[in-house]
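Fit chain B to the supplied structure of chain A, relying on the hints for placement.
Protein chains: 2
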Amino acid sequence: MSADPGTVRPGGRTARVRAAVLRAAGDVLVEEGFDRLDLADVARRAEVGKTTVYRRWGSVTGLVADLLADMAETSSPREETGAVLTDLLANAGLVQRTLADVRQGALFRAVIAAAACDARTAQALRRFYEVRVAEWAPCVEQGVTRGELPVGTDAGAVVRAVSAPLYYEWLTAGVVPDNPAAERAARAAHAAAVAGVYVRTP
Amino acid sequence: MSADPGTVRPGGRTARVRAAVLRAAGDVLVEEGFDRLDLADVARRAEVGKTTVYRRWGSVTGLVADLLADMAETSSPREETGAVLTDLLANAGLVQRTLADVRQGALFRAVIAAAACDARTAQALRRFYEVRVAEWAPCVEQGVTRGELPVGTDAGAVVRAVSAPLYYEWLTAGVVPDNPAAERAARAAHAAAVAGVYVRTP
Numbered sequence: 000m001s002a003d004p005g006t007v008r009p010g011g012r013t014a015r016v017r018a019a020v021l022r023a024a025g026d027v028l029v030e031e032g033f034d035r036l037d038l039a040d041v042a043r044r045a046e047v048g049k050t051t052v053y054r055r056w057g058s059v060t061g062l063v064a065d066l067l068a069d070m071a072e073t074s075s076p077r078e079e080t081g082a083v084l085t086d087l088l089a090n091a092g093l094v095q096r097t098l099a100d101v102r103q104g105a106l107f108r109a110v111i112a113a114a115a116c117d118a119r120t121a122q123a124l125r126r127f128y129e130v131r132v133a134e135w136a137p138c139v140e141q142g143v144t145r146g147e148l149p150v151g152t153d154a155g156a157v158v159r160a161v162s163a164p165l166y167y168e169w170l171t172a173g174v175v176p177d178n179p180a181a182e183r184a185a186r187a188a189h190a191a192a193v194a195g196v197y198v199r200t201p
Numbered sequence: 000m001s002a003d004p005g006t007v008r009p010g011g012r013t014a015r016v017r018a019a020v021l022r023a024a025g026d027v028l029v030e031e032g033f034d035r036l037d038l039a040d041v042a043r044r045a046e047v048g049k050t051t052v053y054r055r056w057g058s059v060t061g062l063v064a065d066l067l068a069d070m071a072e073t074s075s076p077r078e079e080t081g082a083v084l085t086d087l088l089a090n091a092g093l094v095q096r097t098l099a100d101v102r103q104g105a106l107f108r109a110v111i112a113a114a115a116c117d118a119r120t121a122q123a124l125r126r127f128y129e130v131r132v133a134e135w136a137p138c139v140e141q142g143v144t145r146g147e148l149p150v151g152t153d154a155g156a157v158v159r160a161v162s163a164p165l166y167y168e169w170l171t172a173g174v175v176p177d178n179p180a181a182e183r184a185a186r187a188a189h190a191a192a193v194a195g196v197y198v199r200t201p
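Chains A and B, in that order, are what the protein sequence lines are.
Per numbering that gives the first Met the number 0, the first sequence starts with residue 0, numbered consecutively.
Per numbering that gives the first Met the number 0, the second sequence starts with residue 0, numbered consecutively.
Check each hint, because a few of them may be wrong.
[What the hints assert, rightly or not] Beta-carbon label-pair distances, calculated as ranges:
| no. | chain 1 | residue 1 | chain 2 | residue 2 | range |
| --- | --- | --- | --- | --- | --- |
| 1 | A | C116 | B | D177 | 18 to 24 Å |
| 2 | B | R12 | A | G57 | 52 to 58 Å |
| 3 | B | G146 | A | R102 | 46 to 52 Å |
[Unchecked claim] These stretches of chain B come out as covered by chain A in the derived footprint (C-beta under 8 Å, 3 or more residues):
| no. | segment |
| --- | --- |
| 4 | 122-135 |
| 5 | 165-171 |
| 6 | 182-188 |
Since the hints were derived computationally from the structure, they do not count as laboratory data.
Cβ coordinates follow ideal geometry from the N, Cα and C atoms, glycine included.
Chain A extracted, bound-state conformation:
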């Protein structure tokens, strides 16, 4: 299997092996789900030695944890539009596009389902969201500095509030979020933040 152009990052053989293995792991998750993920099968699909895969990732949960770490590392960086509302709209758009993307949507669905019954996957998923929230939190912090939001606003809570309705409808009602849903999610989080709902209580 040859990786798509652009997915092999620099760094020589080790990086190429990682890219091929993570892409194969993602393929299995998307096509067959977490329960069917198997290191030997991933090695075969990635055209990488089985021993290499076992030595480097150790287990299925280790592989999924690395896949999530890679997704966090390679996710789009935050945008800086100069105002917190438009920053949150950009964030909502990114979340919307991720969940609406056929491959990424299926990947997240598989990993979230697996996290429900596997503690290590749950931890890796939590870490993924922590990295993403930390990436976007400065938008809110800058909004506080500029006087757009109350002092003491919990920046992480605001960023999570943007994602919440999009994930909720997607996971419980199977609704793939569209642009109006993304816009409403950002505007709701912004309005609640302006009203002081996310100010940390001492």
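Only chain B this time, still in chain A's reference frame:
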């Protein structure tokens, strides 16, 4: 197996059979997950004839759909406190207690995971939330009538917004919602509704 006091509703043998079978199905979902749900096993646990279970529910997904219908029917009715904010706080408290309850939390987790890969379960889950949202929507509608929220507010969207952050943190980060999280969820939905975020656009 005898059902707990209070779980057997009136209606004679048919209702007793249904209560016993749904309780057994819930037990299997909580203890072993959706993948291990099996009609013969449920019949045995419920001390009900296998033929009765096959004839009445037909399949595992039919059984889960009926379990969700029963959960929707027997869920707590909405509260009417006289103001939309306190109504939403009551709703958030109910959602919080449901997710924090060991049995109900595990049940929802199993069903949401199953809905990710089973269309009929997804439809039953969607129907469950529709029933619950319809139950609570009048709180928002009354708030509009009383002039607490803008005319044209989408009542269902406000009710879903209360649940969203609680489910989001629970499903993606494994955070069991507590009272402050419930209060914040209700206050955020209320503030966004007051700001007009949920007004339907023509």
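How the hints compare with the structure:
no.	hint	in the structure
1	C116/A - D177/B: 18 to 24 Å	holds, 23 Å
2	R12/B - G57/A: 52 to 58 Å	holds, 55 Å
3	G146/B - R102/A: 46 to 52 Å	holds, 47 Å
4	122-135	holds (count 3)
5	165-171	holds (count 5)
6	182-188	holds (count 4)
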